[in-house]
Amino acid sequence: MPISPHGGRLVARQVEGPEAAEQAAGLSGHPVIQLNEREACDLEMLGSGAFSPLEGFMDRAQYEGVIEDMHLPDGPVWPLPVTLSSKQDTDSLSPGCRAALRDPSGRIAGSMVVGEVFEADLEREARLCLGTADVAHPGVAYLRGLSGSYISGSITSFRNRSAEPFADRKLDPRETRVLFKARGLETVTAFQTRNPVHRAHEYIQKCAMEVTDGLLLHPLVGLTKDDDIPADVRMKCYDALLSNYFPASRVVLSVFPAAMRYAGPREAVFHALIRKNYGCTHFIVGRDHAGVGSYYGTYDAQLIFDRFTPGEIGIEPLRFEHSFFCRRCDGMATTKTCPHSPDNHIVLSGKKVREMLSLGEVPPIEFSRPEVASILIEWARNRRD
Amino acid sequence: MGFLIVVRGGGEEAVAAMEGDLLARGAAVEALTPARQPGMPESAIPASAAMLAKHGVIVLLSSDPSCPGVPVEVIQGESALDAEARSTFLRRLELAGRIPAASGELEPGEEELVRERLQKLGYL
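Protein chains in written order, with this note's numbering: chain H, 7 to 391; chain B, 525 to 648.
Just to be clear, a hint being listed does not mean it is correct.
Straight line, CA to CA, 25 Å or less: simulated BS3-like cross-link-like pairs of lysine-lysine [as the list claims (entries may be wrong)]:
#1 Lys212/H to Lys187/H
#2 Lys212/H to Lys176/H
#3 Lys242/H to Lys644/B
#4 Lys342/H to Lys212/H
#5 Lys187/H to Lys644/B
#6 Lys242/H to Lys342/H
#7 Lys644/B to Lys176/H
#8 Lys176/H to Lys93/H
#9 Lys212/H to Lys242/H
Hints were generated in silico from the structure; no laboratory data involved.
Please put together the full structure from these sequences, using the hints given.
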């Protein structure tokens, strides 16, 4: 029996191929709403059902319920706003009218039946959802760039799947659900990442695989920070890791086309609920999940799950400590399982790893698999040249 | 705990449309309208409705009852006769956890198409 989607039913609000082209053509003469990059990602997520039970960009009641209480007015938990900002005059947008949604490339990527236009206090949204109004936080900086006026409405996403980035590595929730069923994976752990997978994360993933049937490695390839390693490089690393060290029948690699919010604890819940829609039963929550800088406490992203009943969330969070290689244990461990002092642990900061890579130095084998390290060194070398 | 749904206007056709959708979701439903319960005095409807709701039944009514303490939802008859409006109404109740969700399962033909794509991409 597969896990139920959040809200009970997988929303499907997308059309593909000729039907998508036909619907886009039929919007000629309708008002056009411009999407920014995050909103374009959100449109795709809404259409595919990844954001079930949402059927479109939030209205005021949904927005208020979410930012204040992390619940939709109808009851389900939902921790972050999914909103569409107005960028121009909204006089032509009357409730009930159909509008075209244009993505940053200029493509008509969807349509929307307009619900309402409402004003939002973006500083309040930042404080409630991100826990800060500091403009150095990327999520706050994003909000600062918006008009403060949101447009709600149910959407239809027009997909041109063959032209999408990582088209042959991107599965919608319906597809992962069919795949898990076909492979006989009744319980599946999802792992969210926007970084290459080194030994520490490999260890956590394999711990999870000891208690569930399968693993969905779900790297985020939507909008990330400029200093994140490019998605195509990361995909090569994942392929190298999986083909050498994981059982193929129990692991699925598929890209996750969402945009990062860097909302820390709230985003951990957001990511968990979305993975439930993809058919996963467990979700790995590490330390400072979806965090940035020092805005969130080390364990905030794990503790936030205690604010909900298990039934409200529906997917089980697997809380992991930071892991490392311990010379005395002669193996991977965490502070939960290793009694030795930190000087026995091989831990490298992201900055240190980047420095080593840029100098062409291979990180210790206890830190990174050589197959992964060589891809990263090659990338660093090309970037330097 | 069940609840009451008052279908205002639209007659038996509107009540039947609501009943059909609710039954399709596996809900326990009873219509207490004069046409569906010909022997029942109108004065007995509120007590019967409240009793059924207490036992988890969704009770469809064609007029506003007086049932203190029993949750009541109202839909206009013209909405109950419109498939899309009915779906929106039921979706709200579904999200509130008051009725079973529509399955959202893929039809066999759709699942076959998904499997074909997964095979083409090398996942299966």
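How the hints compare with the structure:
{"no.": "1", "hint": "Lys212/H to Lys187/H", "in the structure": "21 Å, holds"}
{"no.": "2", "hint": "Lys212/H to Lys176/H", "in the structure": "23 Å, holds"}
{"no.": "3", "hint": "Lys242/H to Lys644/B", "in the structure": "20 Å, holds"}
{"no.": "4", "hint": "Lys342/H to Lys212/H", "in the structure": "16 Å, holds"}
{"no.": "5", "hint": "Lys187/H to Lys644/B", "in the structure": "17 Å, holds"}
{"no.": "6", "hint": "Lys242/H to Lys342/H", "in the structure": "32 Å, violated"}
{"no.": "7", "hint": "Lys644/B to Lys176/H", "in the structure": "13 Å, holds"}
{"no.": "8", "hint": "Lys176/H to Lys93/H", "in the structure": "30 Å, violated"}
{"no.": "9", "hint": "Lys212/H to Lys242/H", "in the structure": "20 Å, holds"}
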